[in-house]
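Line order of the protein sequences matches chains A and B.
If you're matching positions, the first sequence starts at 881 in the working numbering and goes up one per residue.
If you're matching positions, the second sequence starts at 42 in the working numbering and goes up one per residue.
No lab work stands behind these hints, which were simulated from the structure alone.
The model shown is predicted, which means the values in this text are computed figures rather than measured ones.
A hint or two may mislead.
Said to hold, decoys possible - No farther apart than 25 Å at their CA atoms in a straight line, the calculated lysine to any residue pairs in the SDA-like style are these:
#	chain 1	residue 1	chain 2	residue 2
1	B	60	A	1055
2	A	1039	B	42
3	B	60	A	1210
4	A	1082	B	72
5	A	1104	B	72
6	B	60	A	1120
7	A	1104	B	67
8	A	1130	B	58
9	B	60	A	1082
10	B	78	A	1130
11	A	1104	B	53
12	B	48	A	1104
13	B	78	A	1110
14	B	45	A	1054
15	B	60	A	1039
16	B	45	A	968
17	A	1110	B	46
18	A	1039	B	59
19	A	1111	B	53
Read off the chains here:
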Amino acid sequence: MAGIIFAKNSNINDDAYKVQDAVIKEWMSDYESEKNDYDDYVNAVYNVEKSDQFGEKIGSYTEFGDFEAVPEGGNSVMDDIEMGPSQLIVHQQYLKKFVVTSEMIEDKKISDMKTGANGFVRSYKRSRAAEASAILTGATATSVSWGRATHNTKCIDGKALFATDHPGVKNGVGVQSNVFTNAIGTDDTMLFRLANIGYNFKNQSGNPMGYKFDTIILPGDAWKEIRLVKKIAESTNQVGNDHNDVNVSKGLFKLIIDPLWQSAGLATTPYILMSSQANKELHGNMFYDRIPLTVKSAIENNTWNLEYFGRYRVGAGFGAWQHIIMGGASAGTTLT
Amino acid sequence: MIPKGLKIGDTFVEQNFDKQILYKVVGLDGWGNYISKVVEDEPAVEEEVEEEVGELPFVSTDSDVEETAEETVEQPAVEETKEVKEVKKTAPKKKTTSTKKKTATKKK
């Protein structure tokens, strides 16, 4: 993630509070450089890239077919590669301001000013992660409302990211589902089964893709599921029964707990499996930083308060769907 | 375990630790799997309906009586006024004709 940009030409002719203004901006810059959970979440779940346009378009092609046998002296067979659907992710602007009062500066309320400066940057980081989380976890529908804006949660085929009927492009490729209602259970059976379904997802040409599903994302308050997955990830023997079998899922899964995803108000406790390799290679979850947090300051003539204005632009959305599976959903395919 | 062989419209219970979730089959995918949806909590809906039904007779009967009473009283009154207006409208015409006749007689 890019650092904060401070607009140096703001407030240029006003010498009042110039020193304090510089110190507050230093606090912001210092806080921004700290790593925190919000950055970790976005970087782990999304492909974070920079953008220099109004939006980013993700295109697709079908896969090459298999080589074909020809008789001696025969001609080469032209591949029937086709252009697939595309997806446009348009960036959204976000604004916020906060105020350091003239009394705070005159009375040297350093801690209050520092709290405001740090909180402003923390708000930026949390907002970024909250948008990323809201879009991903709400992608059973085709759009999600967050931050007073409606975000497109469709993937490249025009369906919601999590849908029971993702179509192929070439003829004969049947619909595929990546949203399941089955609960996580009390052992690794369902996780293993869903990971295997993901391993056998077919691309737009109908070829099995073979990606290893290695990441599990859980709501922050789903403590039973978190506990189960931690046991599955580390136990030598099978979890959830008294058989002495080996735990074949040991070390397969990386657990990501999303603190901004809460299951308390939901009818079910959903969970997400993801292939980190497929996420990168297929342009799965995409997060574009168009303009990082840009801050300018000014003294408001009417109140003599020192005001800070922050602005950033980001875009988030999805390309492919074959990198991700939701289980425990309130609607979807039920495996029998 | 999810029971096999269910049809569209059937329900089943999914156990998630100590929580039981009721699902309804809304479709079949051709691979032996169901397309299903969570069934909303029905008891809560029933309670709300009962409360509404309990209040409705008391409120509705009073208002109905008042409204019907007003209607029955008002309707003849409206009809009467219409008749009166019609009479009033016709009456001046007669007067005007009579005045014309008077004026005509004066000319003669």
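Tested hints:
1. B:60 <-> A:1055: violated, 32 Å
2. A:1039 <-> B:42: At roughly 29 Å apart (the allowed maximum being 25 Å), residue 42 of chain B and residue 1039 of chain A break the hint.
3. B:60 <-> A:1210: holds, 14 Å
4. A:1082 <-> B:72: holds, 16 Å
5. A:1104 <-> B:72: At roughly 31 Å apart (the allowed maximum being 25 Å), residue 72 of chain B and residue 1104 of chain A break the hint.
6. B:60 <-> A:1120: Given pair residue 60 of chain B, residue 1120 of chain A holds - Cα atoms ~17 Å apart, limit 25 Å.
7. A:1104 <-> B:67: It is violated: about 29 Å lies between the C-alpha atoms, which goes past 25 Å.
8. A:1130 <-> B:58: holds, 21 Å
9. B:60 <-> A:1082: Not satisfied, since the Cα-Cα distance of roughly 34 Å exceeds 25 Å.
10. B:78 <-> A:1130: Roughly 32 Å between the alpha carbons, so the hint for residue 78 of chain B and residue 1130 of chain A is violated.
11. A:1104 <-> B:53: Given that 25 Å is the threshold and the Cα spacing comes to 23 Å, the pair holds.
12. B:48 <-> A:1104: violated, 32 Å
13. B:78 <-> A:1110: Given pair residue 78 of chain B, residue 1110 of chain A is violated - Cα atoms ~29 Å apart, limit 25 Å.
14. B:45 <-> A:1054: holds, 23 Å
15. B:60 <-> A:1039: Not satisfied, since the Cα-Cα distance of roughly 31 Å exceeds 25 Å.
16. B:45 <-> A:968: violated, 41 Å
17. A:1110 <-> B:46: Distance of about 35 Å is beyond 25 Å: violated.
18. A:1039 <-> B:59: Violated - the C-alpha atoms of residue 59 of chain B and residue 1039 of chain A are around 33 Å apart, more than 25 Å.
19. A:1111 <-> B:53: Measuring from Cα to Cα gives roughly 29 Å; hence the hint is violated.
Hint compliance for this structure: hints 1, 2, 5, 7, 9, 10, 12, 13, 15, 16, 17, 18 and 19 are broken, all remaining hints hold.
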